[in-house]
Amino acid sequence: MTARIEQRFADVAAEGRPVLVTYFMGGDPDFDTSLAIMRSLPQAGADVIELGVPFSDPMADGPAIQLAGQRALKAGQTLAKTLDLARRFREQDQRTPIVLMGYYNPIYIYGVERFLDDAVQAGVDGLIVVDLPPEMDDELCIPALDKGISFIRLATPTTDDRRLPKVLENTSGFVYYVSMTGITGSALPDPSLIAGAVARIKSHTKLPVCVGFGVKTAEHARVIGASADGVVVGTAIVNQIASSLTEEGRVTEATVPGVEALVRGLSAGVRASRLAAAE
Amino acid sequence: MNQPLKPNSFRAGPDEDGRFGIFGGRFVAETLMPLILDLQDEWNKAKSDPAFKAELEHLGAHYIGRPSPLYFAERLTAELGGAKIYFKREELNHTGSHKINNCIGQILLAKRMGKTRIIAETGAGQHGVASATVAARFGLPCVVYMGATDVERQAPNVFRMKLLGAEVKPVTAGSGTLKDAMNEALRDWVTNVDNTYYLIGTAAGPHPYPEMVRDFQAVIGQEAKEQILAAEGRLPDLVVAAVGGGSNAIGIFHPFLDDDGVRIVGVEAGGKGLEGDEHCASITAGSPGVLHGNRTYLLQDGDGQIKEGHSISAGLDYPGIGPEHAWLNDIGRVEYVPIMDHEALEAFQTLTRLEGIIPALEPSHALAEVIKRAPKMGKDEIILMNLSGRGDKDIFTVGKILGMGQ
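So the protein lines, in turn, are chains A and B.
Residues in the first sequence are numbered from 1 upward in steps of one, following our numbering.
Residues in the second sequence are numbered from 1 upward in steps of one, following our numbering.
Just chain A, same shape as in the assembly (with noise of 0.2 Å):
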């Protein structure tokens, strides 16, 4: 529900520090690791996950994330399968909230009602559908608003201050500011350039603003930290599951701890941030 991301950022922000968004693609490379994976991200100082549902045609993800789908829907994952994953994590954790994200298709096919109640059911907390404009509210928005599910819009450079009240309207939880345009995976750009995006957005919304789009050490998640309510890291993520697997795209030992080790270095990376906004 929106009532957990509202208490999850208050929370971290009374701590003084931006908010820790983890992307992951849910079934990649199977369901159990993914589970494992997911579970281990709060330990690791995640506050906030992001859970990727696969899509065969993945318009707007660059190789990295493309790939990850690929091996979740090769391993058999489905959106089903998806909200289990959600389901069984939040058998275990009844604080951090889930978001998933993805593309409309598979969540039509659903049945968006149908779709709605199993994700409230599963515990999801809000929805980042990539290929629903604000000019497409009433096929999955609205109905998500309606039974307390959060639509997370993602704001970009291109959408201008004329735009920009038009995509907050609806949005809810909070503004996941994408830092540049491109595909997912791509490079860094300037952070001053993205203090003064993240400022702009602020001066439309009270909703927090968190980053992502090329967020990929500590020391980026440091420096976009000092501007933005949070940040959120995910082909980094998704790379370091891919680089731990075997040929064939299955898990290793090394797949979890490795996340584990990424996200702590992150989660250090936005800690870090708050000392350097209190010197």
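Just so you know, the hints here were simulated from the structure itself, not pulled from any lab data.
There's no promise every hint is true.
What the hints assert, rightly or not - The calculated label-pair distances, taken between Cβ atoms and stated as ranges, are: (1) Asp-190(A) - Asp-41(B): 26 to 32 Å; (2) Gly-261(B) - Gln-121(A): 34 to 40 Å; (3) Ala-10(A) - Asp-41(B): 37 to 43 Å.
This one's a predicted model, so the numbers in the text were calculated from it and none came from an experiment.
Using N, Cα and C, we set each Cβ at its ideal position, and we do this for glycine too.
With chain A fixed as given, assemble chain B onto it according to the hints.
Showing chain B alone in chain A's frame:
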């Protein structure tokens, strides 16, 4: 789902949100939304600008070679012993297919918008060649995304595009065919929003592309209507075209949609049969879903994952269809039927031998349906078929299947 109401006109769509009934729309990432809105504005202005229309018509006449002829296929008609068969000869256009009609229109828009770089996707390479051609004509750099599998099987077109100065980028992601090329073109566009114009090749994608491409292709049907009235003094009884994404088909269908007595048939690629996965019959064997910016009929599994299609014709090898066709099907105005690979192949040979015209494999599908229907129709009845492309690009594919030399 309720049965949609019959509209007063079948030609009024889309609505201002780009919908044809439940189909169409604008399902794109936020990064692209402002670009699509800009494009829509520019398109709306261009539509009512006499200078734009004049330039389009001038290039149509002197660069493309319009109007394309309407040809009475006398020997084929005699052979089949039924309805009179007329071909709208889009295969005689510059670059060998109807694709150039749309490319000229869109590159004029790109110029108006001040864009300095053109990107396009292509399957068989016909749209890629047409895009590379207009980019050369207007002096703009052009990048064509093409599935790695298609790069291999359509080598002559890859060579043509390169000669025209385009950069051909093979796409290995996914299965390396048209849908993956389209994904990659969208990724390029999302990355290079400032200077790049995405020249979509078919009447699909986010609004306003389906409407815009249709309007650029509707010249086919407008000319054909005048030509058939001049030749026969009346409208045809049946209009037939092949449908992949569906731009040649919507182009010839649209001007006839409100003519009650004209039956209209779209022919999908039935591949090796509809039972398995080796076909591209999105309407006859698919279901509504959302891909590449629009809602339409798609080949997909129960989880909403898009399936790979198959067709002997690379130009029909796309797991979706333009949204206006999806709507015309649901509302019952146009009938969509599948034709199998082997039927298209037979039709290809029939036309080649009887009329001395080598058709592309795409319109060979339409022709196979004409060959089925003409004998059952009266000798006073008229069939109009869109002969949308020439078969030079397909001779090696066909030769290989028929075992005719190396």
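Structure-based check of each hint:
1. Checked against the given bound of 26 to 32 Å, the beta carbons of Asp-190(A) and Asp-41(B), roughly 31 Å apart, stay inside it.
2. For Gly-261(B) and Gln-121(A), the hinted distance range of 34 to 40 Å is not satisfied, since their beta carbons lie about 55 Å from each other.
3. Between Ala-10(A) and Asp-41(B) the C-beta distance comes to about 42 Å, which sits within the given range of 37 to 43 Å.
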